[in-house]
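Quick note, the sequences are listed as chains A and B, same order.
Under the numbering used here, the very last position in the first sequence is 506; numbers go up by exactly one each time.
Under the numbering used here, the very last position in the second sequence is 506; numbers go up by exactly one each time.
Source of the hints: derived by calculation from the structure; they are not laboratory data.
The reader is advised that the hints may include incorrect statements.
Identical chains blur together in the list; that is why a pair holds if it fits in one copy or across any two.
For lysine-lysine, the following DSS-like pairs were computed, each having C-alpha atoms within a straight-line distance of at most 27 Å [claimed, not checked]: (1) K327 x K63; (2) K63 x K14; (3) K186 x K501; (4) K108 x K63; (5) K109 x K7; (6) K394 x K186.
There are 2 protein chains.
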Amino acid sequence: MENQAKKYYDELHKLSYQAHLLSGVSSLISWDQETYMPEGAASIRAEQLQALSGIIHDAKTSKKFSTALSKLIDIPTGKINIKGLKKPEVAAVHAWHRDYSKEVALPKKFVEEFTKLTSEALIAWCHARKEDSFHTFAPYLDRIISMNREKAELLGYKEHPYDALLDCFEPNATTSEVDRLFTDLKNFLTPLIKKIGALKPADSSFLFGKFSPSKQMEFGKKILDSIGYDMRRGRLDLSSHPFSSASHPTDSRITTRIHPNSLMSNLSAVLHEGGHALYEMGLPAIHYGSPLCEAVSLGIHESQSRFFETRIGLSKPFWSYFLNPLKKTFKGPLENVSLDSFYKAINQVKPSLIRIEADEVTYNLHIILRFELEKALIEGSLKVRDIPDAWNAKMRELLGVTPKTNREGCLQDIHWSMGAFGYFPTYALGNIYASHLFLGFQQDHPDWETKVASGNLLFIKKWLNEHVYKYGRQFSSKELLEKATKHKLSSTAFIDYLSNKYKKMS
Amino acid sequence: MENQAKKYYDELHKLSYQAHLLSGVSSLISWDQETYMPEGAASIRAEQLQALSGIIHDAKTSKKFSTALSKLIDIPTGKINIKGLKKPEVAAVHAWHRDYSKEVALPKKFVEEFTKLTSEALIAWCHARKEDSFHTFAPYLDRIISMNREKAELLGYKEHPYDALLDCFEPNATTSEVDRLFTDLKNFLTPLIKKIGALKPADSSFLFGKFSPSKQMEFGKKILDSIGYDMRRGRLDLSSHPFSSASHPTDSRITTRIHPNSLMSNLSAVLHEGGHALYEMGLPAIHYGSPLCEAVSLGIHESQSRFFETRIGLSKPFWSYFLNPLKKTFKGPLENVSLDSFYKAINQVKPSLIRIEADEVTYNLHIILRFELEKALIEGSLKVRDIPDAWNAKMRELLGVTPKTNREGCLQDIHWSMGAFGYFPTYALGNIYASHLFLGFQQDHPDWETKVASGNLLFIKKWLNEHVYKYGRQFSSKELLEKATKHKLSSTAFIDYLSNKYKKMS
Numbered sequence: 001m002e003n004q005a006k007k008y009y010d011e012l013h014k015l016s017y018q019a020h021l022l023s024g025v026s027s028l029i030s031w032d033q034e035t036y037m038p039e040g041a042a043s044i045r046a047e048q049l050q051a052l053s054g055i056i057h058d059a060k061t062s063k064k065f066s067t068a069l070s071k072l073i074d075i076p077t078g079k080i081n082i083k084g085l086k087k088p089e090v091a092a093v094h095a096w097h098r099d100y101s102k103e104v105a106l107p108k109k110f111v112e113e114f115t116k117l118t119s120e121a122l123i124a125w126c127h128a129r130k131e132d133s134f135h136t137f138a139p140y141l142d143r144i145i146s147m148n149r150e151k152a153e154l155l156g157y158k159e160h161p162y163d164a165l166l167d168c169f170e171p172n173a174t175t176s177e178v179d180r181l182f183t184d185l186k187n188f189l190t191p192l193i194k195k196i197g198a199l200k201p202a203d204s205s206f207l208f209g210k211f212s213p214s215k216q217m218e219f220g221k222k223i224l225d226s227i228g229y230d231m232r233r234g235r236l237d238l239s240s241h242p243f244s245s246a247s248h249p250t251d252s253r254i255t256t257r258i259h260p261n262s263l264m265s266n267l268s269a270v271l272h273e274g275g276h277a278l279y280e281m282g283l284p285a286i287h288y289g290s291p292l293c294e295a296v297s298l299g300i301h302e303s304q305s306r307f308f309e310t311r312i313g314l315s316k317p318f319w320s321y322f323l324n325p326l327k328k329t330f331k332g333p334l335e336n337v338s339l340d341s342f343y344k345a346i347n348q349v350k351p352s353l354i355r356i357e358a359d360e361v362t363y364n365l366h367i368i369l370r371f372e373l374e375k376a377l378i379e380g381s382l383k384v385r386d387i388p389d390a391w392n393a394k395m396r397e398l399l400g401v402t403p404k405t406n407r408e409g410c411l412q413d414i415h416w417s418m419g420a421f422g423y424f425p426t427y428a429l430g431n432i433y434a435s436h437l438f439l440g441f442q443q444d445h446p447d448w449e450t451k452v453a454s455g456n457l458l459f460i461k462k463w464l465n466e467h468v469y470k471y472g473r474q475f476s477s478k479e480l481l482e483k484a485t486k487h488k489l490s491s492t493a494f495i496d497y498l499s500n501k502y503k504k505m506s
Numbered sequence: 001m002e003n004q005a006k007k008y009y010d011e012l013h014k015l016s017y018q019a020h021l022l023s024g025v026s027s028l029i030s031w032d033q034e035t036y037m038p039e040g041a042a043s044i045r046a047e048q049l050q051a052l053s054g055i056i057h058d059a060k061t062s063k064k065f066s067t068a069l070s071k072l073i074d075i076p077t078g079k080i081n082i083k084g085l086k087k088p089e090v091a092a093v094h095a096w097h098r099d100y101s102k103e104v105a106l107p108k109k110f111v112e113e114f115t116k117l118t119s120e121a122l123i124a125w126c127h128a129r130k131e132d133s134f135h136t137f138a139p140y141l142d143r144i145i146s147m148n149r150e151k152a153e154l155l156g157y158k159e160h161p162y163d164a165l166l167d168c169f170e171p172n173a174t175t176s177e178v179d180r181l182f183t184d185l186k187n188f189l190t191p192l193i194k195k196i197g198a199l200k201p202a203d204s205s206f207l208f209g210k211f212s213p214s215k216q217m218e219f220g221k222k223i224l225d226s227i228g229y230d231m232r233r234g235r236l237d238l239s240s241h242p243f244s245s246a247s248h249p250t251d252s253r254i255t256t257r258i259h260p261n262s263l264m265s266n267l268s269a270v271l272h273e274g275g276h277a278l279y280e281m282g283l284p285a286i287h288y289g290s291p292l293c294e295a296v297s298l299g300i301h302e303s304q305s306r307f308f309e310t311r312i313g314l315s316k317p318f319w320s321y322f323l324n325p326l327k328k329t330f331k332g333p334l335e336n337v338s339l340d341s342f343y344k345a346i347n348q349v350k351p352s353l354i355r356i357e358a359d360e361v362t363y364n365l366h367i368i369l370r371f372e373l374e375k376a377l378i379e380g381s382l383k384v385r386d387i388p389d390a391w392n393a394k395m396r397e398l399l400g401v402t403p404k405t406n407r408e409g410c411l412q413d414i415h416w417s418m419g420a421f422g423y424f425p426t427y428a429l430g431n432i433y434a435s436h437l438f439l440g441f442q443q444d445h446p447d448w449e450t451k452v453a454s455g456n457l458l459f460i461k462k463w464l465n466e467h468v469y470k471y472g473r474q475f476s477s478k479e480l481l482e483k484a485t486k487h488k489l490s491s492t493a494f495i496d497y498l499s500n501k502y503k504k505m506s
């Protein structure tokens, strides 16, 4: 009986493996699209990606696949059908079932229409952003929201239609739960930002100057090496927006952006994308093709990047080691900077208009704003034409700044034009998760500051491997986080971190 | 009735288009494999390529495809079924039929076994070459030859089993015809090489020295620009062996190899691969997905690369323009070289052991050697164990040199380990075709030397576009060559070219 279960499991795994190979190919040609593709190939590349995604969808919803799946689990109820599966295998079967149910819930016609709409919307958004003309994008956004509502109905939900959308990016997260986490955060952040705003800003002039791009690239590689990023299974390239892209644990690539006049943009990109990439490299390749070699969620993925970018890369111990090599590499305005001044400069908090340029404190309010608007748009309590006013009002309320144009307001992000409602919250969840995970990390490495200050960083990856990477999708986000820390998930760890950090700095 | 034909044609084109998109993806990830792929990804990349090739094979042999095809052509007899197709469309249908018949002639089991064998053979060849141990590779080669014989039987042929193999790379070419072309060539080349060998070798010391890799790369791009290579639809990168790879006319990439101590390797690679790439860029994108947007054959492809590499790039007019910029870029030992000395140095003829390092005269004898051995191996008149002796004897006979090891003899090329019997002849056919085409080019541009010497090279691409690129697979190699030149195909043009060139130099 046990052998039978394993046999069926292997059959399903084999089918899924083929689909994963093609998803990997798709990631790879998307990576190429952003790095080395000649501009003239844009249109054929879109067609290649679409052809692949059609084949992948067919493979994941084929009769063969559902037959194999139904030998292990009852598809309508989601109850395991067979005895003899091990615990991780049971979790994998549930994850397969979850994905399959989502794939089949959306009719092909709906998916095609949505793809067509968002590809047109993307062009309209680019144009609207350039011309600062929200009204030319509005009709597209209106249809995108309608289709997202329809999507929510097709996928189903218990409490709130936004739950269904959220669940596509952060499985099992609910609107009410995210609301709770975000409310705690907002209540804490708003006064904190006011308090920081009253302080004299730190000098950060030495972070700007002339920093040779090739030396920046070299320094980025040095940092990647120190955190355990393996260049035999990855690459560092340039692209206009930094990203990470993995087609397999043996091929997990990242990109960065180099400003010849600014130092931190590359360094934080390298740590951020490096954190994402270590997760993908650390997933157990032996389970490739199954959910046991997949990331849990976007939120957990983001927690891995923020762990390295903020909790490590913005920490004093990290720079107590790396400031000297940095000075040696770049000289110039950096030479006379003390560790303390450097630390203060890179941790400067300043409310601003653009999300992707925000510091680790204000960043979350940019996300909360988007979450609140998205929820209202999906509920229907906010109309598309009222977005600019609502956006600006919330910016004032949360951050005390007002965009002068929609370009630096509600038109700044690509996500809505891509149809991705429910995506934004995962960015702030990533911060909450990263700090929650850090509780466990600190418990196991009470001397982490001494270790990091010695330049020995490999123990971080090792800890994350033991508590995150190696499990794939065996646990839900919450289970994983609570298992790693023995603490119930809340915003507390993140709040405490920021609170202590900025108390010390004032 | 006419509309009906067009409707069926469009149906077939649409199915074929999907398969082409995936072939393009496959080219792209192969390109990545040779340029930017992290070494650790080798194994998953092989699996990705295999998965794609399976899907492409399935698409090309699907019931849907054969049904669509059979509405236009009778599959068993290859007779067009329907009225109303235009001439190029009729040619396309024949090409589709030809490809389909080949795809289905080889049973899936055979293809899988062959793939497995050659992937093992490739490893065995690498090892054997490294250790100079022909006997460890011999058993693999033996099985590869048996399977190639079986392949010939499965594909069918009229006169000689080698015809069937040749036909996979050079459609419609026959062993007897190639034999005729090669015999003429051999009879001419053997005495020519002896004659040249008796001359005092030209000084070529200035081609060796220190040549900055970045400047070499820059100069390569300048040359590519001058011949009309469009960087918005291509790229130049580095790889261990130069190659060209196109996934669509808007994405036709090339690579080169830079020796910091030697000048010509990069320049000839850039012209050679640039010639291949211009062909792919010039194919009519409007017919993409059909044979009307495909290259005629490997021989015609090679003729396009050799046209630029040898007929243009080794000509005096070309260097009468480019020698000055070359001197300005690199200075050093080049500065005092006259055009005449430079021309003689780059056209030096010297029998040597390694094919890929051979000059344009001796190169063809390397190919003829391989053709004669392949034919004998397929016939069974030569046994695998006797290859090293036969190889060395033929090297002495044709080129007057003897390899000291099999590594610089019969183990030097990768092709046999990949199972590619019938491939080598296309290299020499490429030379014959290039010179034959040049007849037509000269007729239309009697002043080509003046034009080239002025640095204006775009008219070359324009001519090739009118006579080669724009037709796709509308004509066979021979038809295309004879149409472009109004001369019957023979080795004469190539022989005359070499004969005149080296008469002048002696």
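Q | Copy assignment of K327 with K63, given that the CA separation must stay at most 27 Å | A | neither (61 Å within a copy, 67 Å between copies)
Q. Within a copy, between copies, both or neither: where do K109 and K7 come within 27 Å Cα-Cα?
A. between (35 Å within a copy, 24 Å between copies)
Q. 27 Å Cα cut-off: does K63 pair with K14 within a copy, between copies, both or neither?
A. both (14 Å within a copy, 25 Å between copies)
(Q) With identical chains, the pair K186 and K501 could be close in the same copy or across copies; at 27 Å between alpha carbons, which is it: within, between, both, or neither? (A) Within one copy only: 17 Å inside a chain, 82 Å across chains, cut-off 27 Å.
Q.
As a check of your reading, is K108 near K63 (CA-CA no more than 27 Å) within one copy, between copies, both or neither?
A. both (15 Å within a copy, 22 Å between copies)
Q. Are the CA atoms of K394 and K186 at most 27 Å apart within a copy, between copies, both, or neither?
A. So K394 and K186 pass the 27 Å test inside one copy only (12 Å; across, 83 Å).
Going through the hint list in order, the structure does not satisfy hint 1, though it satisfies all others.
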